[in-house]
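Engineer: Chain residues, written in single-letter form:
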Amino acid sequence: MTYDFLQHYWCFIVSLLGAILVFLLFVQGANSVARSLGYTEEGRRLVYNSTGRKWEFTFTTLVTFGGAFFASFPLFYSTSFGGAYWLWMIILFTFVLQAVSYEFQNKIGNFLGPKTFQFFLTLNGIVGPLLLGGAVATFFEGSNFIIAKDNLVDAGAITPIISRWANASHGLDALLNPWVLVLGFAVVFLARVLGILYVMNNVADEDIRSRGSVRLVGAAVPFLLLFVAYLVHVLLKDGFAYNDEGVIYMEPYKYLNNFLEMWYLLVLLLIGVVLVLFGIGKTIFSKGYNGGIWPAGIGTVLTVLALLLSCAWNHTAYYPSTADLQSSLTLANSCSSEFTLRTMFYVSLLVPFVLAYIIYAWRAIDKKKITKEELQGDDHAY
Amino acid sequence: MLQNLLLNIDAGTIDWSRAQFALTAIYHWLFVPLTLGLAVIMGIVETKYYQTKDEFWKEAAKFWQKLFGINFAMGVATGIILEFEFGTNWSNYSWFVGDIFGAPLAVEGIVAFFMESTFVAVMYFGWKKVSPGFHLASTWLTGLGATISAWWILVANAWMQYPVGCEFNPDTMRNEMVSFAEVALSPFAISKFCHTVTSSWIIGGIFCVGVCCWYLMKKRHTRLAVESMKIGAGVGLVAALLAGATGHKSGMDVAEVQPMKLAAMEALYDGGTEQGLKLIEGIEVPYGLSIMATNDPKGYVPGINDLLNGYTTPDGKTEPSADEKIARGKKAIEALAAYRKAKADGADEATIAQYLTTINENMKYFGYGYVKDKADLVPPVLVNFWAFRVMVGVGCLFILFFAVILAVTYKFPKALFKKYDITTLPAWHYWVAILLIPLAYIGSECGWLVAEFGRQPWTIQDMLPTWASVSDLQSQSVIITFFLFLVLFTTMLAVEINILLKQIKKGPEL
Numbered sequence: 021m022t023y024d025f026l027q028h029y030w031c032f033i034v035s036l037l038g039a040i041l042v043f044l045l046f047v048q049g050a051n052s053v054a055r056s057l058g059y060t061e062e063g064r065r066l067v068y069n070s071t072g073r074k075w076e077f078t079f080t081t082l083v084t085f086g087g088a089f090f091a092s093f094p095l096f097y098s099t100s101f102g103g104a105y106w107l108w109m110i111i112l113f114t115f116v117l118q119a120v121s122y123e124f125q126n127k128i129g130n131f132l133g134p135k136t137f138q139f140f141l142t143l144n145g146i147v148g149p150l151l152l153g154g155a156v157a158t159f160f161e162g163s164n165f166i167i168a169k170d171n172l173v174d175a176g177a178i179t180p181i182i183s184r185w186a187n188a189s190h191g192l193d194a195l196l197n198p199w200v201l202v203l204g205f206a207v208v209f210l211a212r213v214l215g216i217l218y219v220m221n222n223v224a225d226e227d228i229r230s231r232g233s234v235r236l237v238g239a240a241v242p243f244l245l246l247f248v249a250y251l252v253h254v255l256l257k258d259g260f261a262y263n264d265e266g267v268i269y270m271e272p273y274k275y276l277n278n279f280l281e282m283w284y285l286l287v288l289l290l291i292g293v294v295l296v297l298f299g300i301g302k303t304i305f306s307k308g309y310n311g312g313i314w315p316a317g318i319g320t321v322l323t324v325l326a327l328l329l330s331c332a333w334n335h336t337a338y339y340p341s342t343a344d345l346q347s348s349l350t351l352a353n354s355c356s357s358e359f360t361l362r363t364m365f366y367v368s369l370l371v372p373f374v375l376a377y378i379i380y381a382w383r384a385i386d387k388k389k390i391t392k393e394e395l396q397g398d399d400h401a402y
Numbered sequence: 288m289l290q291n292l293l294l295n296i297d298a299g300t301i302d303w304s305r306a307q308f309a310l311t312a313i314y315h316w317l318f319v320p321l322t323l324g325l326a327v328i329m330g331i332v333e334t335k336y337y338q339t340k341d342e343f344w345k346e347a348a349k350f351w352q353k354l355f356g357i358n359f360a361m362g363v364a365t366g367i368i369l370e371f372e373f374g375t376n377w378s379n380y381s382w383f384v385g386d387i388f389g390a391p392l393a394v395e396g397i398v399a400f401f402m403e404s405t406f407v408a409v410m411y412f413g414w415k416k417v418s419p420g421f422h423l424a425s426t427w428l429t430g431l432g433a434t435i436s437a438w439w440i441l442v443a444n445a446w447m448q449y450p451v452g453c454e455f456n457p458d459t460m461r462n463e464m465v466s467f468a469e470v471a472l473s474p475f476a477i478s479k480f481c482h483t484v485t486s487s488w489i490i491g492g493i494f495c496v497g498v499c500c501w502y503l504m505k506k507r508h509t510r511l512a513v514e515s516m517k518i519g520a521g522v523g524l525v526a527a528l529l530a531g532a533t534g535h536k537s538g539m540d541v542a543e544v545q546p547m548k549l550a551a552m553e554a555l556y557d558g559g560t561e562q563g564l565k566l567i568e569g570i571e572v573p574y575g576l577s578i579m580a581t582n583d584p585k586g587y588v589p590g591i592n593d594l595l596n597g598y599t600t601p602d603g604k605t606e607p608s609a610d611e612k613i614a615r616g617k618k619a620i621e622a623l624a625a626y627r628k629a630k631a632d633g634a635d636e637a638t639i640a641q642y643l644t645t646i647n648e649n650m651k652y653f654g655y656g657y658v659k660d661k662a663d664l665v666p667p668v669l670v671n672f673w674a675f676r677v678m679v680g681v682g683c684l685f686i687l688f689f690a691v692i693l694a695v696t697y698k699f700p701k702a703l704f705k706k707y708d709i710t711t712l713p714a715w716h717y718w719v720a721i722l723l724i725p726l727a728y729i730g731s732e733c734g735w736l737v738a739e740f741g742r743q744p745w746t747i748q749d750m751l752p753t754w755a756s757v758s759d760l761q762s763q764s765v766i767i768t769f770f771l772f773l774v775l776f777t778t779m780l781a782v783e784i785n786i787l788l789k790q791i792k793k794g795p796e797l
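Here the protein sequences line up with chains A and B, keeping their order.
Be aware that the first sequence starts at 21, since it is given in our numbering, and climbs by one per residue.
Be aware that the second sequence starts at 288, since it is given in our numbering, and climbs by one per residue.
Worth flagging that the hints you see were computed from the coordinates, not collected in a lab.
Any given hint might turn out to be false.
[Stated by the list, open to error] Computed cross-link-like contacts, BS3-like style, restricted to lysine-lysine with a CA-CA straight-line distance of at most 25 Å: (1) LYS74/A x LYS388/A; (2) LYS651/B x LYS661/B; (3) LYS389/A x LYS416/B; (4) LYS135/A x LYS789/B; (5) LYS661/B x LYS74/A; (6) LYS392/A x LYS793/B.
[What the hints assert, rightly or not] If you anchor each label on the Cβ, the simulated ranges turn out as follows: (7) ASP632/B x ASP258/A: 29 to 35 Å; (8) ASP632/B x PRO198/A: 51 to 57 Å; (9) LEU472/B x GLY301/A: 32 to 38 Å; (10) THR334/B x TYR377/A: 16 to 22 Å; (11) ILE767/B x LEU256/A: 35 to 41 Å; (12) THR605/B x PHE365/A: 26 to 32 Å; (13) MET21/A x THR605/B: 41 to 47 Å; (14) PHE139/A x ALA309/B: 55 to 61 Å; (15) VAL241/A x LEU726/B: 42 to 48 Å.
The beta-carbon is built from N, C-alpha and C at its ideal position, and this holds for glycine as well.
Starting from the given sequences, assemble the full structure and let the hints guide the process.
Structural biologist: Written as structure tokens, this is what we have:
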């Protein structure tokens with residue numbers, strides 16, 4: 021295993037975690053439409069109990085995504101989290117609110133009332149995917165940061181910091197870029213699509229399933245419009261490339277070239293898009309079909325994986341700086357040492373085992389669909 | 288020009304970032320010990336159900352799992368902030384040691400968090416969906432996941448106290464891991480893990496005993512109270528004894544690698560051999576500190592002044608003064624700057640090698656190069672002194688408490704306890720047990736205060752001080768997030784306590 025291989029391997033693992041995280045945002049998506057999808061108090065409870073059995077996977081994947089990024093590309097962790105402070109803090113804040121909302125909302129003694137926590141779930145359901153989608157968009161659009169490692173040797177400075185954000189907004193400036201918002205909202209509507217598909221599959225309730233088919237159209241149309249617009253924009257825009265000496269420069273149609281030069285990513289992207297469309301289309305047009313979450317979910321993972329890899333592999337700067345082009349982060353200049361990447365490679369061999377027990381436990385819990393009757397007899401129901 | 292842009296940081300950012308990390312860590316540590324402690328208790332209770340098939344044990348397990356769940360959610364919620372704060376508020380730190388520090392966090396996510404989150408769902412919702420054996424395994428695996436998570440985060444924390452298994456790379460300007468085994472199996476980490484986890488079991492034990500005493504006082508759920516109390520007090524006594532033993536090992540570790548922390552814990556300014564252990568100011572156990580630090584009544588323990596001015600131990604080992612360490616740290620930083628410049632300018636290999644030699648010779652004191660006043664090297668003495676005493680005092684009290692509870696419950700020795708019936712004691716006996724719950728939390732938090740305040744001013748001992756670790760943020764931004772977290776966590780804590788109390792009042796479905 022060469023150092024270069026390990027860098028690309030860890031980029032793959034982090035991207036895969038990111039792609040799985042986007043799929044698992046179905047929890048947020050369903051919560052953001054719980055009011056209309058559930059319609060009645062009883063219906064909403066079914067929705068919350070459906071997503072409430074999976075929210076910890078989303079949460080854990082987010083944390084593991086952060087940990088894996090930290091271990092494999094610490095300069096990204098340092099630059100992005102320390103620089104885009106507000107963007108990340110708002111994301112984290114909404115996830116904190118979500119984490120307690122399931123357990124607390126309907127418990128006796130909740131003096132804030134269930135509606136407060138249901139509001140938190142809705143807030144997280146919209147803001148979480150919006151800002152996470154926006155954060156992903158900055159991989160293509162760039163961010164305002166500067167890196168100067170030599171500051172570390174300025175012992176006379178009050179704080180010898182190596183990276184800083186080039187303006188005072190600390191990440192919120194990304195939201196002024198309309199293309200960041202386009203991808204952000206695309207992820208919001210994708211999460212809704214997946215959320216509706218998941219609930220339709222997981223809850224045995226005809227009212228919810230019939231409402232789900234209608235709501236699905238309302239979420240799928242804006243998602244497709246926004247996603248196609250962003251994909252076309254990315255394929256046509258100049259990208260951030262670097263040469264063998266590590267010098268970063270702008271290359272016309274960089275991301276289109278990446279897909280053409282790495283044909284396997286293009287295949288992955290096309291299969292992913294087809295699967296998402298199949299999952300949505302079959303659910304809308306085929307009465308009685310409720311399994312759309314699986315093709316759409318797998319399609320989401322493949323599509324996001326292809327997109328993330330296209331902005332990092334093939335001599336591409338994956339976290340570009342618009343303030344100082346040469347500060348942009350590439351796999352080579354931001355990764356951990358060869359020893360650490362190699363050690364973590366062996367740790368990552370545990371991932372299939374982890375996935376196996378997750379699938380086993382998930383199937384055990386979901387083999388019986390959730391019903392109103394089940395909730396009445398379950399003393400741990402949310 | 289870039290450099291000027293980068294160094295425009297106000298000192299308030301450092302203090303507010305420290306305050307924010309302390310706030311979130313203290314809140315997180317309110318919930319984690321109960322998670323670890325209750326995991327053992329509910330595991331034992333459900334095992335009883337699996338063995339006996341008695342519905343009583345099933346309902347008892349469900350009851351403790353319900354309380355576990357309410358607390359678990361807050362632990363998860365407060366935990367996510369801590370991981371990301373290393374990046375958001377301590378970005379320089381994240382780069383300087385990310386090559387080593389990131390690995391345990393990633394392993395924690397892959398190995399522990401997924402185990403917890405997968406099996407906790409089976410534990411809550413799987414009673415009617417999976418076999419009793421699978422359910423029991425899920426309950427234990429939930430606790431095991433939480434414990435493995437504690438292992439990896441304490442490996443990371445122990446590395447900050449005692450950085451091992453790494454080397455500085457002047458080309459990448461950071462420390463890089465050279466031995467994963469040294470990091471993951473550091474003796475400091477092992478002691479820290481054993482002490483932290485066993486002290487968490489004490490919290491689980493006292494929480495369980497306190498809840499049971501409330502039922503006994505109210506004459507409700509007597510069987511659940513008595514049976515659970517036996518388990519809670521049993522776990523608590525074993526844990527308290529183990530915490531004492533592992534605490535002693537931790538004390539020896541601190542004496543060896545963080546002597547300034549130990550000196551602050553003891554408010555020891557001028558050290559020497561045959562040092563006594565202060566119980567409080569003016570009262571001390573002869574030779575106590577020397578035994579605690581070195582396992583030898585005649586052992587040498589340096590004081591704060593010794594550490595600042597330099598000292599020689601009776602066996603001839605010399606420790607340089609703080610001034611000398613600062614000078615050598617500055618020398619390392621200057622040599623590093625010269626090395627970088629020489630490389631950029633294409634200087635000859637002999638010149639570069641000379642700078643490299645200077646860096647390596649002085650690297651041990653690299654962090655001291657950022658220190659401007661040696662007084663900054665002394666951690667807050669008052670906090671360390673009293674926090675240590677409260678922690679140890681509470682720990683000793685609990686050994687006695689759990690032993691008495693078990694003696695009364697089992698009426699052993701009979702001659703002493705045969706006239707006592709645990710179900711009919713005067714109310715104030717039960718109140719004592721209930722009021723010991725907050726005391727246990729105070730003791731537990733004091734443990735963290737000693738560990739973290741004692742490490743100041745270092746984020747990584749001797750390697751990087753807090754002011755060289757922080758992110759480039761305006762203090763106003765950190766002040767806002769500090770108060771947002773304060774309000775949020777305090778409100779959620781109030782909701783959680785209220786829900787817990789109502790749930791306890793409601794009781795199990797027996």
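Engineer: The structure should be examined with respect to each hint, and the outcome stated for every one.
Structural biologist: Hints versus structure:
| no. | hint | in the structure |
| --- | --- | --- |
| 1 | LYS74/A x LYS388/A | holds (15 Å) |
| 2 | LYS651/B x LYS661/B | holds (17 Å) |
| 3 | LYS389/A x LYS416/B | holds (11 Å) |
| 4 | LYS135/A x LYS789/B | holds (19 Å) |
| 5 | LYS661/B x LYS74/A | violated (52 Å) |
| 6 | LYS392/A x LYS793/B | holds (24 Å) |
| 7 | ASP632/B x ASP258/A: 29 to 35 Å | holds (34 Å) |
| 8 | ASP632/B x PRO198/A: 51 to 57 Å | violated (45 Å) |
| 9 | LEU472/B x GLY301/A: 32 to 38 Å | violated (54 Å) |
| 10 | THR334/B x TYR377/A: 16 to 22 Å | holds (21 Å) |
| 11 | ILE767/B x LEU256/A: 35 to 41 Å | holds (39 Å) |
| 12 | THR605/B x PHE365/A: 26 to 32 Å | violated (43 Å) |
| 13 | MET21/A x THR605/B: 41 to 47 Å | holds (45 Å) |
| 14 | PHE139/A x ALA309/B: 55 to 61 Å | violated (30 Å) |
| 15 | VAL241/A x LEU726/B: 42 to 48 Å | violated (60 Å) |
In summary, the numbered hints that this structure violates are 5, 8, 9, 12, 14, 15.
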